[in-house]
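Let's have the full structure, built from the sequences with the hints guiding it.
Order-wise, the sequence lines are chains A and B.
The numbering of the first sequence is this note's numbering, which starts it at 1 and goes up by one.
The numbering of the second sequence is this note's numbering, which starts it at 264 and goes up by one.
Because the hints were derived from the structure by calculation, they are not lab data.
Treat the hints with care, as some may be off.
Computed Cβ-Cβ distance ranges for the label pairs, DEER-style [what the hints assert, rightly or not]:
#1 B/D394 to A/D77: 19 to 27 Å
#2 A/L115 to B/P438: 29 to 37 Å
#3 A/L52 to B/A451: 55 to 63 Å
#4 B/A451 to A/G102: 53 to 61 Å
#5 B/G392 to A/K173: 34 to 42 Å
#6 B/F417 to A/I69: 46 to 54 Å
#7 A/F212 to B/Q465: 39 to 47 Å
Chain A is faced by these chain B residues, among others (derived, beta-carbon under 10 Å) [said to hold, decoys possible]:
#8 S286
#9 T369
#10 V374
#11 W519
#12 D529
#13 K531
#14 N548
#15 D551
#16 D553
#17 D589
#18 R617
#19 A654
#20 Y656
For every residue, glycine included, the Cβ atom is placed at its ideal position computed from N, Cα and C.
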Amino acid sequence: MFNSKIVIVSIITVLLLPTVLYAQSAEQKGLEIAIAADDYDKGFIDFTANMLMILRNKNGDTSTRVIRIKTLEVEGDGDKNLSIFDQPADVKGTALLTYSHGLEPDDQWLYLPALKKVKRINSRNKSGPFMGSTFAFEDLGSQEVEKYSYRFLREEACGDWQCYVIERFPEYKYSGYTKQVAWVDKEAYRLVKVDFYDRKRALLKTLSASDFKQYLGHYWRPGKMEMANHLTGKGTTLEWTDYQFQTGISDRDFRSQSLKRAK
Amino acid sequence: MKQVLIPALLIAWPVLVGAQDFSGNFAAEAISFPNPARFPNQLSDDLSLSFQPRLVGDWNDGDDNWSIELFMRAGSKDENRNHNDIRELLWLHLSGDNEWRVGINTMFWGVTETRHLVDVINQIDLVEGIDGEDKLGQQMIHLKHYQDWGVLDFLVLPGFRERNFPGENGRPRFPLVVDDSQTIYASADGKDHVDYSFRFSQTYDELDIGLSFFKGTNRQPELIPGLGATGQPVLIPLYLQMTQYSIDAQLTTEEWLWKLEMIYRDTKARSYLAFTGGFEYTFYNIFDSDINLGSLVEYSYDSREAPLRDIFDRDLFIGARLAFNDAQSSELLAGYVVDTEKGSRTFRLEASRRFGNSWKGTLEMQLFPYIADDDLLIVFEDDDYLLLELARYF
Numbered sequence: 001m002f003n004s005k006i007v008i009v010s011i012i013t014v015l016l017l018p019t020v021l022y023a024q025s026a027e028q029k030g031l032e033i034a035i036a037a038d039d040y041d042k043g044f045i046d047f048t049a050n051m052l053m054i055l056r057n058k059n060g061d062t063s064t065r066v067i068r069i070k071t072l073e074v075e076g077d078g079d080k081n082l083s084i085f086d087q088p089a090d091v092k093g094t095a096l097l098t099y100s101h102g103l104e105p106d107d108q109w110l111y112l113p114a115l116k117k118v119k120r121i122n123s124r125n126k127s128g129p130f131m132g133s134t135f136a137f138e139d140l141g142s143q144e145v146e147k148y149s150y151r152f153l154r155e156e157a158c159g160d161w162q163c164y165v166i167e168r169f170p171e172y173k174y175s176g177y178t179k180q181v182a183w184v185d186k187e188a189y190r191l192v193k194v195d196f197y198d199r200k201r202a203l204l205k206t207l208s209a210s211d212f213k214q215y216l217g218h219y220w221r222p223g224k225m226e227m228a229n230h231l232t233g234k235g236t237t238l239e240w241t242d243y244q245f246q247t248g249i250s251d252r253d254f255r256s257q258s259l260k261r262a263k
Numbered sequence: 264m265k266q267v268l269i270p271a272l273l274i275a276w277p278v279l280v281g282a283q284d285f286s287g288n289f290a291a292e293a294i295s296f297p298n299p300a301r302f303p304n305q306l307s308d309d310l311s312l313s314f315q316p317r318l319v320g321d322w323n324d325g326d327d328n329w330s331i332e333l334f335m336r337a338g339s340k341d342e343n344r345n346h347n348d349i350r351e352l353l354w355l356h357l358s359g360d361n362e363w364r365v366g367i368n369t370m371f372w373g374v375t376e377t378r379h380l381v382d383v384i385n386q387i388d389l390v391e392g393i394d395g396e397d398k399l400g401q402q403m404i405h406l407k408h409y410q411d412w413g414v415l416d417f418l419v420l421p422g423f424r425e426r427n428f429p430g431e432n433g434r435p436r437f438p439l440v441v442d443d444s445q446t447i448y449a450s451a452d453g454k455d456h457v458d459y460s461f462r463f464s465q466t467y468d469e470l471d472i473g474l475s476f477f478k479g480t481n482r483q484p485e486l487i488p489g490l491g492a493t494g495q496p497v498l499i500p501l502y503l504q505m506t507q508y509s510i511d512a513q514l515t516t517e518e519w520l521w522k523l524e525m526i527y528r529d530t531k532a533r534s535y536l537a538f539t540g541g542f543e544y545t546f547y548n549i550f551d552s553d554i555n556l557g558s559l560v561e562y563s564y565d566s567r568e569a570p571l572r573d574i575f576d577r578d579l580f581i582g583a584r585l586a587f588n589d590a591q592s593s594e595l596l597a598g599y600v601v602d603t604e605k606g607s608r609t610f611r612l613e614a615s616r617r618f619g620n621s622w623k624g625t626l627e628m629q630l631f632p633y634i635a636d637d638d639l640l641i642v643f644e645d646d647d648y649l650l651l652e653l654a655r656y657f
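Rendered as C-alpha cells:
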C-alpha cells in the first residue's frame, strides 16, 4: 500500500523543510523589512536640518561642531548631500558635497574657504571618522537597500515600540564593519538602535536614536543620536534641529562649482 | 586709496544693514632664520600680527549676496609685509543658471600641489608666502553659467594688482631689492589694461577637467636691473602682456588622484609650454589607526631656455600627507623638491592642528639642504626658516 520510497522522501522533506524555509525566510524577511523601510521613507524629495555634534573623549572633555545638512532625494540613485560647517570656527564655510551611488564609489567634493578652492576628493574613506567623531563617514552616508545583505533575527520590544531585529552585512567596499545589528520599529521603520561589529567581529560601537518627530505627517526623524565607541570610551551626540522637508532646493544647490557660495 | 578704504569699512561695518554673519581670525606669527643672513639688514627673526575678518549678508531671499573679506598684517620688521588688502568686496547675484559676481574677489583654479600654473586671475600676495596660495583681491565682473554639458566662466578684469616683494629687511629675498615705484608695463594702458578670461569646466564621472583662456597682463613680472632713487642697484618689475591657454585635469578614483596642469603662454618676448603633473595615492587607516597617509609625486617642466625658466623647470616633488582624522583635525604635509638637472634639493613641511574649539596652530618649515651654484635658488641658500602661527578664530 505504501510506497516506502515516497514515505522516506516525505520524511526527509518534512525534516528538512523547516530549516530550508527558515533559512530562506530569515534572509528574505530581512530584505523585505529593509525594502519596506526604504519605501516608507521614499518621496521626501528634500530636507534641510541643523546638526549639533558633541564629541566626548573618555575623560569627559567635549568639543562641538555645528553643521548644516541639505539632502536631495535622487530617484534610481543615491541621494545628494551637502554639509556646510559653521563650527569649529577655523573650518567655517567648509562644504562637503556627496553624490551617493549605492555600491559604486560616491563622488565627493570639498570646498576649502582658506584657499577658496574646490577639491575633488577620494571617496574611499568610508570607515574613517567624520570630523574626529565616533561616527564614520559610512554611518552618516545615504542608506540604500543594496548596500547590505540582510538576515532577520527576531522581534522584540524596543522601548515603547515593537522592533524587528535584523542583521546587515555591508556589501560595499571598504566598510569598517563585518556586521551591524539593527533594531527597526514595526510601525514606521524608525531605526532605533544599531550595534556595529568591527573587522575582528567584536562589538565596536552602538548607535541609539531617540526623540523621534514626524514631519509632513509621515516621515520620522530622530532629534538625538548617540554613538558610543566601546573600545575607546569615546562618544558623540548628534542633536538635530530645524528639520524642514520639501524646501524647494534643487540640483542647482548641489553643484560642485557652487560650493563656494553654499550657505 | 586702500589706506582710507579699510578704516572706512571698519567704521561702517556695524551699520551695514543685513549683516548676517561675522567671522575670521586674529593670528600671531613668529619666524626664525637660524643661519646668518646673506645680505645686509636682513632680519633673522620676526614677529607679526594679522587680522582677517569676513562679513557676509544677503537679501532677495538669498538671490543677492554681499561679502567683505579683509586682510591686514602689522608689526613685521619687513615694512613690505605690513600691508592691507581687500580679498573680497563682492556682490553675488543668482539668477537661474547664471551667477553674477561684481567687485573684488579671490578665486582658485587648478589641482596640483607644487605650483599653480593655471591659477592666473589673482596676483600672488608674495610677502605672505612663497607658495603662491595667498593672493590679492582682483577687481572683476564674472559670469558663471551652468549647462548640462559644462560650466562656463566669463571674466572681465579691469585694473591690475602689482606683485608685492620683500623689502630690504625681508627674507628670503633677491640680492637686489625690488623697486616697485619704477614699475614698467609693456601695455600703453599700464595698470589700467582690461584683461579677460574664459573657462570651460566639467565633470565626466571620475574626471574633472577645465580649459581656460586668459589675455592680459602677466601676473608674474620680469625683474630687470636698474638704479634706485639714490643710485643704488635695484630690480625693476616689468609686466608683459600675455595670452595663455591652459588645461587642468584630475582623475579621482578611490585611492588615486591623478593631476595635471599644463599651460601654453605667449608673452610676445617668448612663448613656451609648462606643465606640472603627478599623482597622490592614499593608504587608508595605516597600522589599523584612523590615520591616512598620502604619497605625492609631481614633476614640473618648463620649455624655455635655461636662464629664463621658472624655479620649477625640471623638478620632481616627492611628498607625504598625513591626515590624523582626530578631533583636532591634525594634518601634516612634507616633501622634497629635487631639481633633476642641477641636483638642488629643497624641503618643506606644513603642519597644523586645532586647540580647543577656536584656536589653530600652524607650523611651517622650509629648508634648502643643497643648492647647486648655478641654480637661481642659490641666493636663498641660507634662508632655512621655521614659522609658527597661532590663530584665534571667531
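Handout entry: Non-conforming hints, listed in increasing numerical order
Key = Of the numbered hints, 1, 6, 12, 13 do not hold.
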